[in-house]
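Chain E: place on chain U using the hints.
Keeping their order, the protein sequence lines are chains U and E. Under our numbering, read the first sequence as residues 1499 to 1694, first letter to last. Under our numbering, read the second sequence as residues 11 to 268, first letter to last.
No wet-lab data here; the hints were simulated from the structure. All of these numbers come straight from a predicted model, not from anything done at the bench. Note that beta-carbon positions come from the ideal geometry of N, C-alpha and C, so glycine has one too. There may be inaccurate statements among the hints.
To be verified - Across the chosen pairs, the derived CB separations fall in these ranges:
no.: 1; chain 1: U; residue 1: Asp1671; chain 2: E; residue 2: Ala27; range: 21 to 27 Å
no.: 2; chain 1: E; residue 1: Val30; chain 2: U; residue 2: Thr1570; range: 38 to 44 Å
no.: 3; chain 1: E; residue 1: Thr217; chain 2: U; residue 2: Pro1585; range: 44 to 50 Å
no.: 4; chain 1: E; residue 1: Thr87; chain 2: U; residue 2: Gln1554; range: 52 to 58 Å
no.: 5; chain 1: U; residue 1: Pro1515; chain 2: E; residue 2: Ala27; range: 27 to 33 Å
no.: 6; chain 1: E; residue 1: Ala111; chain 2: U; residue 2: Thr1571; range: 41 to 47 Å
no.: 7; chain 1: U; residue 1: Thr1593; chain 2: E; residue 2: Ala111; range: 55 to 61 Å
no.: 8; chain 1: E; residue 1: Arg256; chain 2: U; residue 2: Thr1593; range: 35 to 41 Å
no.: 9; chain 1: U; residue 1: Thr1570; chain 2: E; residue 2: Ser230; range: 45 to 51 Å
no.: 10; chain 1: U; residue 1: Ala1563; chain 2: E; residue 2: Ser230; range: 45 to 51 Å
no.: 11; chain 1: E; residue 1: Gly71; chain 2: U; residue 2: Leu1683; range: 25 to 31 Å
no.: 12; chain 1: U; residue 1: Thr1571; chain 2: E; residue 2: Pro25; range: 28 to 34 Å
no.: 13; chain 1: E; residue 1: Arg215; chain 2: U; residue 2: Thr1593; range: 41 to 47 Å
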Amino acid sequence: MSFITRGFSGRRGDRDPRLPPGQTLVEDWPVLSAGPTPQVDTADWEFVVRTENGAQTWSWDELRALGIEDITTDIHCVTHWSKLEMPWRGVSLDTIWESVETDHDYVMAHSYGGYTTNVPLEDLLDGKSWIAFEADGEPLDPEHGGPARLLVPHLYFWKSAKWVRGLVTMPSDDPGFWEQNGYHLHGDPWLEERYW
Amino acid sequence: MTAVQPVAGTARHRPAAWHVATVAASLAETPTARRIELDVPTWPGNDAGSHLDVRLSAPDGYQATRSYSIASSGEGTRVVLAVDELPEGEVSPFLVHDLRAGDQLELHGPLGAYFIWTPPDGAAPPRPVQLIAGGSGVVPLYAMASAHAKAADATEFRLLYSVRTPDDVFFRDELAALAGVTPAVRLDLVYTRRTPDGWPTAAGRVTREVLDAATLSAASRPLVYVCGPTPFVEAVAGWLIDAGHRPGDVRTERFGGS
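Pulled out of the complex, with its shape left as it was, chain U reads as follows:
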């Protein structure tokens, strides 16, 4: 590209090849939220999967009893920061989906507080997503989506719905809250699918 901003050289060492284009490494953990942080007690928390065939509900203890995995993954926020090698714990969506039957190809993730984000089912299954309860060895803070958030680390992090309360399958890829407000329908950080 021929465009140059006069005088700019940047303060980089070798660029980490794990960083997608347009991303900057951070050591802390910034917060992106559109409204107040919901406070959800794990005693009241429940997780629902609803398909064209009906709904299933798990309590906090029931979901965790499905089997918790340790995950180490990089995460990438649309606001240009990334964290590398971050430890998480959660239940794989593959495990949850063992008891789910659907012909739908898309999912709307719903959160306590009313937010929604859409994700293709193929981006959630085969080891690609979790319902996560812990990050960096600690229970997930409410401002980071606790008590539980969806974790879909190969997509921009708004897809990893904070305060997740359920997944609703759908036959078409309808936009959620974030996508209706300017974010990309899919959100692959390696393709810089940030905005539409």
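Frame of chain U; chain E shown alone:
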């Protein structure tokens, strides 16, 4: 499971795109911040409160991109930013210290269709608006207050602005002017480190009591916009909910860390 829906006036959709901007002026805003005025001939205009990405490119192809709120709004091709220096940052020190008139950079935007305010369009009853800013978080809220004044809109507007010292106030003259026009934007300043001489209260952070005393009550169902560092936004938004504001009426934008 109900979804959160936008409730302000109707935003006009302006597709986000890349634009080349030329710096028209770079002015001292505070001791640590610059007001950067950009000429962007292809800019489609933007709603008050939206943001953009700034991309800088080095001669060897290295690029760095950061998001900034836009201080201006409307249909013009002059885009105004106000950038506070993060001393450990990579982009903001360059924008604050090195950028000068005539330089070019790339913008992607306008971005964001939720943390925006548009004048009432008659389709829905106007809502009073409470703006709450911490530090440089005032930038998108200043855009909203300016848009309100420009539209000669009668909606009640208040701004609570928390800032370290009198020297750190962004848009000081413009905010004073907005407080003096009709319909006015009522301005309440809270100084956290040092107050002006003769100020009636001691320096200190916004507390629950300050918030209750200096903002529109939940009973008047205002639309509330909060922008600032994450701890500020978390505290204020929590107190607003405790005071009876509905979560869907409180829109937040947080910054810090990157």
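Here is how each hint holds up against the structure:
At roughly 23 Å, the beta-carbon separation of aspartate 1671/U and alanine 27/E lies within the given 21 to 27 Å, and the hint holds. Evaluation of the 38 to 44 Å hint for valine 30/E and threonine 1570/U yields a pass: the beta carbon distance comes to about 40 Å. Checked against the hint of 44 to 50 Å, the pair threonine 217/E and proline 1585/U fails, with Cβ atoms roughly 36 Å apart. For the pair threonine 87/E and glutamine 1554/U, the beta carbons lie near 54 Å from each other, so the given range of 52 to 58 Å is met.
For proline 1515/U and alanine 27/E, the Cβ-Cβ distance of about 29 Å falls inside the hinted range of 27 to 33 Å, so the restraint holds. For the pair alanine 111/E and threonine 1571/U, the supplied restraint of 41 to 47 Å holds, since their beta-carbon distance comes to about 44 Å. As the Cβ distance of threonine 1593/U to alanine 111/E is approximately 59 Å, the hint placing it in 55 to 61 Å holds. Hint check: arginine 256/E to threonine 1593/U, Cβ distance near 36 Å, so the stated range 35 to 41 Å holds.
Checked against the given bound of 45 to 51 Å, the beta carbons of threonine 1570/U and serine 230/E, roughly 49 Å apart, stay inside it. One distance hint, 45 to 51 Å for the beta-carbon pair alanine 1563/U and serine 230/E, holds here, with the actual separation near 47 Å. At about 29 Å, the CB distance of glycine 71/E to leucine 1683/U agrees with the hint of 25 to 31 Å. For the pair threonine 1571/U and proline 25/E, the beta carbons lie near 32 Å from each other, so the given range of 28 to 34 Å is met.
In this structure, arginine 215/E and threonine 1593/U meet the distance hint of 41 to 47 Å, their C-beta atoms being roughly 45 Å apart.
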